[in-house]
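2 protein chains.
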Amino acid sequence: MTYSFPNDLATTARDIERALAALLTADALAGPGRPADRLTAAMRHGSLNGGKRLRPLLVRQAAAVFGVAPEATVPTGLAVELVHAYSLIHDDLPAMDDDDLRRGRPTVHKAYDDATAILAGDALLTLAFGLLAGETTHPDAAVRVRLVAELAAGAGAGGMVGGQMHDIEGETRFLTERAIADMHAMKTGALIRAAVRMGARLGGASDADLTHLTAYAEAAGRAFQLADDILDVTATPEAMGKQTGKDAGQGKQTIVSRIGVEAARRQLGEMIHDALSALLPFGDAADGLRATARFFAERDN
Amino acid sequence: MTYSFPNDLATTARDIERALAALLTADALAGPGRPADRLTAAMRHGSLNGGKRLRPLLVRQAAAVFGVAPEATVPTGLAVELVHAYSLIHDDLPAMDDDDLRRGRPTVHKAYDDATAILAGDALLTLAFGLLAGETTHPDAAVRVRLVAELAAGAGAGGMVGGQMHDIEGETRFLTERAIADMHAMKTGALIRAAVRMGARLGGASDADLTHLTAYAEAAGRAFQLADDILDVTATPEAMGKQTGKDAGQGKQTIVSRIGVEAARRQLGEMIHDALSALLPFGDAADGLRATARFFAERDN
Chain A
1001 MTYSFPNDLA
1011 TTARDIERAL
1021 AALLTADALA
1031 GPGRPADRLT
1041 AAMRHGSLNG
1051 GKRLRPLLVR
1061 QAAAVFGVAP
1071 EATVPTGLAV
1081 ELVHAYSLIH
1091 DDLPAMDDDD
1101 LRRGRPTVHK
1111 AYDDATAILA
1121 GDALLTLAFG
1131 LLAGETTHPD
1141 AAVRVRLVAE
1151 LAAGAGAGGM
1161 VGGQMHDIEG
1171 ETRFLTERAI
1181 ADMHAMKTGA
1191 LIRAAVRMGA
1201 RLGGASDADL
1211 THLTAYAEAA
1221 GRAFQLADDI
1231 LDVTATPEAM
1241 GKQTGKDAGQ
1251 GKQTIVSRIG
1261 VEAARRQLGE
1271 MIHDALSALL
1281 PFGDAADGLR
1291 ATARFFAERD
1301 N
Chain B
1001 MTYSFPNDLA
1011 TTARDIERAL
1021 AALLTADALA
1031 GPGRPADRLT
1041 AAMRHGSLNG
1051 GKRLRPLLVR
1061 QAAAVFGVAP
1071 EATVPTGLAV
1081 ELVHAYSLIH
1091 DDLPAMDDDD
1101 LRRGRPTVHK
1111 AYDDATAILA
1121 GDALLTLAFG
1131 LLAGETTHPD
1141 AAVRVRLVAE
1151 LAAGAGAGGM
1161 VGGQMHDIEG
1171 ETRFLTERAI
1181 ADMHAMKTGA
1191 LIRAAVRMGA
1201 RLGGASDADL
1211 THLTAYAEAA
1221 GRAFQLADDI
1231 LDVTATPEAM
1241 GKQTGKDAGQ
1251 GKQTIVSRIG
1261 VEAARRQLGE
1271 MIHDALSALL
1281 PFGDAADGLR
1291 ATARFFAERD
1301 N
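If you're matching them up, the sequences are chains A and B in order. When we follow our numbering, the leftmost residue of the first sequence carries the number 1001, and every step to the right adds one. When we follow our numbering, the leftmost residue of the second sequence carries the number 1001, and every step to the right adds one.
Bound conformation, chain A alone (with noise of 0.2 Å):
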């Protein structure tokens, strides 16, 4: 069967959203107690019906190298993926980037107020801990703390809070491409650096393959970052459900204003290189994140 990245991406987000939906009622998340359903429509508001999934999608494609059936990655996904809408919500607030507009949408502080917000965002993070500790997760205890480790790892004070900690000190100073370079790998790469270890781990990749796997997220994530800031330029606002422009008008520091858009698209081709070859090891098992990697330099939104 050839590989389809369209039907990949449009089953992961199609799973994702389901099992979102599914998980984020106040049924689903009663502990101790019953969450009120102000936290509980925050929490939906901030995850739902938008994203395109693209941590679950790479965790799903680097359990594929390893033979591990997509269903059986949905559970991982959604952590990771949880992860994400969290920092979303918390880097949208006044205090922090102050974003009033997500995928077309009012953000969350809009929508609801800053503190229920915040509120969202913890509980979203810490879902997605208690999600990836639970059996469906993966049958082997001793993998599902590998997962808690890696997610933890990438998105914590070494992975992505730190990087977002990097960026906002970085509006005062000016920053080297190089100091550019390192907060992007963490601010955006380390998640999809986890998401793409977490796969891995799920289908107990060796030391060697994960290796292997990281220097293809990283270069991935960079190309990631650097499409990103490329499209702040050059995309519409229609295109891209949210406010462009924005790092120029605020003076925002990034590899693009560094070399600009020309030499950016470069870099962005050197780094899609590096990705592909980083998968050299795994022959057509890995098609889906060679094809996640040129999707990550191609996209318009």
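In short, the hints are calculated from the structure, not lab data. A quick note: this is a predicted structure, and the numbers were derived from the prediction, not measured. C-beta: ideal position from N, C-alpha, C; glycine also. A few of these clues could be false.
[Claimed, not checked] Within a straight-line C-alpha distance of at most 27 Å, the following computed DSS-like cross-link-like pairs (lysine-lysine) qualify: (1) A/K1110 <-> B/K1252; (2) B/K1110 <-> A/K1252; (3) B/K1052 <-> B/K1246; (4) B/K1252 <-> B/K1052; (5) B/K1110 <-> A/K1110; (6) A/K1052 <-> A/K1252; (7) B/K1110 <-> B/K1052; (8) A/K1110 <-> A/K1246; (9) B/K1246 <-> B/K1110.
[To be verified] Simulated restraints, written as ranges between beta carbons of each label pair: (10) B/D1098 <-> A/V1261: 42 to 48 Å; (11) B/K1052 <-> A/T1236: 54 to 60 Å; (12) B/D1037 <-> A/F1174: 14 to 20 Å; (13) B/G1067 <-> A/R1173: 50 to 56 Å; (14) A/A1263 <-> B/R1173: 57 to 63 Å; (15) B/T1172 <-> A/A1022: 29 to 35 Å; (16) A/H1273 <-> B/A1069: 50 to 56 Å; (17) A/T1136 <-> B/A1072: 25 to 31 Å; (18) B/K1052 <-> A/R1178: 42 to 48 Å; (19) B/E1135 <-> A/E1262: 47 to 53 Å.
Fit chain B to the given chain A structure using the hints.
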């Protein structure tokens, strides 16, 4: 050897303080990248040099029921304390309770800024789960995933965060005594419950043991919150290291505001009785848990 509560309390506080100081460094927090110094500093500010470490104490004491050595409970206690610390940082934000002072020092958003406080909280929460996934927490991965599940259930939408949302929503309508108790059972009770259950799980507690200890934890947790509400009326800011009389000043609905201090004190006595009754099956090994329940009722700060 006779059990000494003051010794247990002091030793736990010392162990947790040391472990936090070692854990919250840029080196120890490094993942795919290194955290900014500002983030590390804010995480330290929000968790070091403060607090009685009652939740790690409960982890230690619940584990002691099954003969687990105190040292072996430190990583688990630390994880619960990290969640407690994050919750205080986020609760103190202007968008939430808007507190400037915590344990006699500026809150994290006052010492840094709101964005840093949001991120420091997010990073502490994430770190808690990463820590639980590590082998130093317990040699058996099956136990570690149960700890992750317990903490997520206690801290998430069906527990602590859900309780905080109920609390905020309650500000705009009349709450019955029962509704206040249910809210507190989530907001402060759920994490206390998780601490006790996690300690029990470290010791390989049976389902029957867990049932008894959960009953203890729920009664002790209610007692803890009720004592806190009583102290807000009766204690001085100097003794508490934070503002008092704040509940009444804000028109906050507490059990005390509903039934008065004297009736609340009687109710507190009943809760302690319930907590102690739940420990009847356990003999001397539960002396620590007994002492903590009594301490909850008798503390003056």
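A quick look at each hint next to the structure:
no. : hint                            : result
1   : A/K1110 <-> B/K1252             : holds (26 Å)
2   : B/K1110 <-> A/K1252             : holds (26 Å)
3   : B/K1052 <-> B/K1246             : holds (21 Å)
4   : B/K1252 <-> B/K1052             : holds (25 Å)
5   : B/K1110 <-> A/K1110             : holds (24 Å)
6   : A/K1052 <-> A/K1252             : holds (25 Å)
7   : B/K1110 <-> B/K1052             : holds (22 Å)
8   : A/K1110 <-> A/K1246             : holds (19 Å)
9   : B/K1246 <-> B/K1110             : holds (19 Å)
10  : B/D1098 <-> A/V1261: 42 to 48 Å : holds (44 Å)
11  : B/K1052 <-> A/T1236: 54 to 60 Å : holds (56 Å)
12  : B/D1037 <-> A/F1174: 14 to 20 Å : holds (18 Å)
13  : B/G1067 <-> A/R1173: 50 to 56 Å : holds (55 Å)
14  : A/A1263 <-> B/R1173: 57 to 63 Å : holds (59 Å)
15  : B/T1172 <-> A/A1022: 29 to 35 Å : holds (31 Å)
16  : A/H1273 <-> B/A1069: 50 to 56 Å : holds (54 Å)
17  : A/T1136 <-> B/A1072: 25 to 31 Å : holds (30 Å)
18  : B/K1052 <-> A/R1178: 42 to 48 Å : holds (45 Å)
19  : B/E1135 <-> A/E1262: 47 to 53 Å : holds (49 Å)
Violated hints for the displayed structure: none, as all numbered hints are satisfied.
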